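**Q** The residues making up each chain are set out below.
4 protein chains.
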Amino acid sequence: MKESVIHVYERPQLRDPVFIEGLPGIGLVGKLAAEHLIQELNAVKFAELYSPHFMHQVLIKKNSVVELMKNEFYYWKNPNENGRDIIIITGDQQVPPTDSPGHFEVVGKMLDFVSEFGVREIITMGGYQVPELQGEPRVLAAVTHEELVEYYQKKLEGCQVEVIWREDEGGAIVGAAGLLLGMGKLRSMFGVSLLGESLGYIVDAKAAKSVLLAVTKILGLELDMTALEERAKETEEILRKVQEMQRAMLEQQMPPAPEEEDRGYL
Amino acid sequence: MKESVIHVYERPQLRDPVFIEGLPGIGLVGKLAAEHLIQELNAVKFAELYSPHFMHQVLIKKNSVVELMKNEFYYWKNPNENGRDIIIITGDQQVPPTDSPGHFEVVGKMLDFVSEFGVREIITMGGYQVPELQGEPRVLAAVTHEELVEYYQKKLEGCQVEVIWREDEGGAIVGAAGLLLGMGKLRSMFGVSLLGESLGYIVDAKAAKSVLLAVTKILGLELDMTALEERAKETEEILRKVQEMQRAMLEQQMPPAPEEEDRGYL
Amino acid sequence: MKESVIHVYERPQLRDPVFIEGLPGIGLVGKLAAEHLIQELNAVKFAELYSPHFMHQVLIKKNSVVELMKNEFYYWKNPNENGRDIIIITGDQQVPPTDSPGHFEVVGKMLDFVSEFGVREIITMGGYQVPELQGEPRVLAAVTHEELVEYYQKKLEGCQVEVIWREDEGGAIVGAAGLLLGMGKLRSMFGVSLLGESLGYIVDAKAAKSVLLAVTKILGLELDMTALEERAKETEEILRKVQEMQRAMLEQQMPPAPEEEDRGYL
Amino acid sequence: MKESVIHVYERPQLRDPVFIEGLPGIGLVGKLAAEHLIQELNAVKFAELYSPHFMHQVLIKKNSVVELMKNEFYYWKNPNENGRDIIIITGDQQVPPTDSPGHFEVVGKMLDFVSEFGVREIITMGGYQVPELQGEPRVLAAVTHEELVEYYQKKLEGCQVEVIWREDEGGAIVGAAGLLLGMGKLRSMFGVSLLGESLGYIVDAKAAKSVLLAVTKILGLELDMTALEERAKETEEILRKVQEMQRAMLEQQMPPAPEEEDRGYL
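Protein chains in written order, with the UniProt record's numbering: chain A, 1 to 266; chain B, 1 to 266; chain C, 1 to 266; chain D, 1 to 266.
In case anyone wonders, no lab produced these hints; they're calculated from the structure. Since the model is a prediction, treat every value here as computed from it, not as a measurement. Mixed in with the good hints there might be a few duds.
Same chains, same label: a pair holds when it works inside one copy or across any pair of copies.
Calculated cross-link-like contacts (lysine-lysine; reagent style DSBU-like; alpha-carbon spacing at most 35 Å) [unchecked claim]:
(1) K206 <-> K61
(2) K154 <-> K241
(3) K185 <-> K241
(4) K62 <-> K206
(5) K109 <-> K70
(6) K155 <-> K62
(7) K61 <-> K109
(8) K62 <-> K185
(9) K154 <-> K61
(10) K154 <-> K62
(11) K155 <-> K109
(12) K70 <-> K2
(13) K45 <-> K241
(14) K109 <-> K185
(15) K109 <-> K2
(16) K154 <-> K45
(17) K241 <-> K155
(18) K155 <-> K61
(19) K2 <-> K154
(20) K185 <-> K77
Generate coordinates for the entire structure from the input sequences, incorporating the hints supplied.
**A** Here you go:
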């Protein structure tokens with residue numbers, strides 16, 4: 001496996017689909033939001049992305065079955081006949097931050113793939129770390145093109161959560177939530193990133209809820225949020241177990257670390 | 001050398017061969033088990049894998065002879081005419097954990113190669129770190145497909161060591177022991193990973209013995225375990241010498257490490 | 001995106017253009033100088049370079065618009081009909097220092113591109129860290145070919161800042177400021193690197209001014225320096241915000257770091 | 001520049017040439033030995049190797065002239081008409097130890113190149129770190145094939161320095177000094193590695209002398225060693241200056257380091 005591959009299990013006909021991303025990141029906000037969305041909409045998995053840029057390991061799933069690290073594509077067909085369909089991506093991991101070229105490769109493959117289904121609009125979900133929270137987490141929005149601010153603001157009118165639009169320059173969106181928009185823009189796609197305020201370092205159900213309230217408002221959907229807390233707890237437990245086992249194995253495969261002293265390159 | 005290459009010294013005709021992996025990892029359990037198996041079965045080396053993803057060094061073997069880091073393929077022809085033959089891989093190292101794409105490349109090459117001999121079933125061996133041991137090390141099992149749990153449980157009936165099958169999700173198998181199963185699964189192969197409980201950080205003959213008891217039970221073989229302890233000691237001594245020399249050389253070829261301060265990317 | 005790409009918005013006819021580089025580095029001297037030059041000359045952006053070797057993120061610009069990390073090419077047509085035109089490159093970042101091959105790839109692409117416009121001479125700008133400053137920052141010069149020392153010294157006669165030419169061997173110019181000259185030399189290009197003394201770790205308007213005084217003297221241009229201080233402050237503020245947000249996101253996407261202990265490679 | 005390139009300035013006709021390597025490593029022993037050999041033999045530079053795997057920087061040489069990092073090939077024609085000619089490689093650096101695939105690529109290119117001149121025998125020179133020295137540094141020898149031990153021992157009879165041949169397994173030779181032999185062996189080349197005992201962390205003229213005494217004994221040459229000490233001092237001074245400047249520049253181009261805490265990969 002020299003580059004990322006997508007295994008396609010079904011090729012649905014989709015109506016002007018919106019592509020929604022929720023991969024692991026700050027507070028697992030995006031991943032949790034995406035999984036909840038998939039569950040509540042009964043979205044259907046139709047493709048899996050495998051990548052040599054993901055961790056060289058398998059996860060142990062229920063009943064002792066192993067699986068490669070992967071990202072998964074789901075689709076949802078809108079029952080409303082004038083409504084738009086949805087493609088959702090979530091998964092086990094993003095490319096590690098030490099491998100920028102790998103990130104570009106994987107995100108490029110995602111965009112290639114969803115283009116085949118006619119995607120033009122992208123919504124990325126994630127967390128936005130803040131030192132403290134006051135009330136419900138707010139959502140930070142950023143768009144691919146300036147004229148979209150008004151477009152999304154109109155759709156978000158009456159949204160239950162506060163959405164922040166920043167006028168001043170500064171800030172960065174790291175990983176797929178950023179790259180999908182940045183690289184999509186170079187392919188005439190457009191979209192918005194919605195990042196929920198989070199204290200980070202936990203599986204943050206509250207931030208995920210805020211983000212989902214904004215996303216569903218934009219899409220004109222209703223979503224039951226009651227199972228979100230429970231899902232967060234399960235996720236946290238699984239994560240803990242994976243990390244425990246993974247850490248021990250990684251350590252024993254390391255080459256000896258040169259001592260941390262100054263030394264010349266030649 | 002731009003990608004891994006396999007030098008093939010012989011092309012044996014094998015009968016439905018099982019592919020058994022035992023490469024360095026936690027407690028060197030897999031490597032030790034594989035080497036013992038090779039020795040006791042008098043398995044024959046028939047191919048070597050070299051990779052630019054291995055350490056850029058040679059090892060000094062007996063009588064001052066140097067050799068590139070490598071992995072080695074052995075075969076064993078079952079004297080029982082209804083029995084299945086075996087291919088075993090072991091070697092000096094795995095790709096370092098900082099090079100995930102390298103891991104995928106090497107494991108892909110291994111699978112390509114053993115496919116040429118008709119391999120469909122894979123057994124991977126390794127260690128599984130635990131904080132403390134009670135009695136003989138147990139063996140953690142994981143499979144590529146759910147229906148295999150029953151298949152292997154039946155074969156393991158009466159096995160001298162306790163084999164654990166986990167029902168709940170969580171855990172990861174890092175490196176070749178995991179990837180061979182995960183990537184093999186994408187090629188319609190199947191198999192099991194057997195990880196012996198180990199305190200890690202030693203060359204763990206006890207864990208290797210437990211794993212071998214499970215493997216030989218599955219394969220219907222008998223194996224003398226008496227030489228295992230001795231082999232563990234030799235391995236430990238060689239390792240110590242290699243690391244000593246290697247460390248000094250690595251340090252002196254390092255570029256100067258930027259100081260460990262916070263700084264911007266631009 | 002597997003390799004760096006240049007999006008070209010215009011193909012100006014340029015007269016024997018000098019290629020001037022000012023990318024982020026010590027004290028942001030080169031970037032600040034380049035941006036000031038662009039602003040004061042009203043240079044025109046005509047191309048953008050995107051690279052999978054840049055950080056896998058988007059920056060949030062004014063009015064919540066996101067953009068991929070990039071480098072930008074500007075041109076300036078000399079109103080003096082005997083004068084030479086200019087191409088300037090600046091941008092958000094350089095390839096990180098952990099990715100040497102990426103640096104060579106990006107700089108190779110830059111040289112390919114400016115060659116299309118007839119560039120033969122290159123001036124690179126940057127900072128040169130010193131422990132303390134006495135008076136105005138001096139400028140350290142280095143050239144591609146020995147005979148150029150005299151050539152540039154003549155052009156620099158009467159320059160307001162002191163330019164240092166070192167006779168003894170020793171020293172290195174890291175990144176694009178060095179590679180453009182080093183790789184350019186292999187393509188029969190020539191040029192000079194001008195590095196302003198800086199205490200580093202700040203956005204250094206004084207060092208940028210010194211460098212610009214030398215560059216404009218060589219080019220026979222006049223430049224108003226009054227806005228330079230103000231620009232430095234703005235840059236510093238934007239930087240601070242980007243880093244804050246970026247750091248949190250990077251941390252949460254990291255794989256678990258193996259513990260910092262000595263361990264064998266096999 | 002996507003892979004290493006060799007610029008060839010002359011294509012000498014050589015008589016069964018021996019290829020001698022002395023690149024930077026422990027105590028700079030190999031590099032110092034190679035440079036001394038080149039100087040004393042008046043060897044002629046005929047090719048340069050550039051690599052995207054070397055540091056992304058230029059060195060400032062005498063009179064402010066910059067040059068890419070490189071390795072250099074020299075040849076020496078034996079005036080004795082029955083004698084064998086020599087190719088020597090030395091240079092500014094080796095590929096950093098974090099880039100194993102780069103090491104394999106560069107060493108592969110070297111072997112391709114010297115093969116064009118009929119090289120079959122390789123002698124690599126370097127340092128071997130020891131905690132303390134007793135008397136003159138000894139030289140550790142290792143060979144590509146077992147039968148060469150006797151071959152080289154015979155040639156080394158009467159050598160002024162003690163050459164050590166180890167019978168027991170254990171030890172590693174990192175970098176070009178090891179890889180040239182290991183990869184050469186796969187191409188039917190043969191040779192010996194000669195590593196001088198060194199306390200490391202200095203430019204070690206004594207170890208270089210020991211290695212040269214062994215090399216010249218093997219080749220049947222006489223070499224004046226008086227300039228070796230002086231050369232070591234010069235090298236040390238240049239090194240110091242390069243590192244000082246390089247370090248500051250590297251630091252400022254670093255992306256922000258995620259904090260050193262435990263965290264999950266997903």
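**Q** Can you tell me if K70 and K2 fall within 35 Å by alpha carbon in one copy, between copies, both or neither?
**A** both (15 Å within a copy, 21 Å between copies)
**Q** Give the relationship of K62 and K206 under a CA distance limit of 35 Å: within one copy only, between copies only, both, or neither.
**A** both (27 Å within a copy, 28 Å between copies)
**Q** Please work out whether the CA atoms of K109 and K70 approach to 35 Å or closer within one copy, between two copies, in both situations, or in neither?
**A** For K109 and K70, the Cα distance is within 35 Å both inside one copy (13 Å) and across copies (20 Å).
**Q** How would you classify K61 and K109 at a CA-CA limit of 35 Å: within, between, both, or neither?
**A** Classified as both: same-chain Cα gap 26 Å, cross-chain 26 Å, threshold 35 Å.
**Q** Could you figure out if K241 and K155 sit no more than 35 Å apart (CA to CA) within one copy, between two copies, both or neither?
**A** For K241 and K155, only the inter-copy Cα distance (28 Å) is at most 35 Å; the intra-copy one is 41 Å.
**Q** If the cut is 35 Å between Cα atoms, do K45 and K241 qualify within a copy, between copies, both or neither?
**A** within (25 Å within a copy, 38 Å between copies)
**Q** One pair to classify: K155 and K61, alpha carbons no more than 35 Å apart. Within, between, both, or neither?
**A** Cα proximity of K155 and K61: across copies only (22 Å, versus 40 Å in one copy).
**Q** Could you place K109 and K185 in one of the four classes (within, between, both, neither) given a Cα distance threshold of 35 Å?
**A** So K109 and K185 pass the 35 Å test inside a copy (15 Å) and across (22 Å) alike.
**Q** Within a copy, between copies, both or neither: which one fits K154 and K45 at a CA-CA cutoff of 35 Å?
**A** both (31 Å within a copy, 33 Å between copies)
**Q** Measure nothing new, just compare the shortest in-copy and cross-copy C-alpha distances for K206 and K61 to 35 Å and report within, between, both or neither.
**A** both (26 Å within a copy, 27 Å between copies)
**Q** Regarding K154 and K62, is the shortest C-alpha distance of 35 Å or less found within a copy, between copies, in both, or in neither?
**A** between (44 Å within a copy, 20 Å between copies)
**Q** For K155 and K62, with the copy left unspecified, which applies at a CA distance of at most 35 Å: within, between, both, or neither?
**A** For K155 and K62, only the inter-copy Cα distance (21 Å) is at most 35 Å; the intra-copy one is 41 Å.
Violation of the numbered hints given earlier is confined to hint 19; every other hint is satisfied by the structure.
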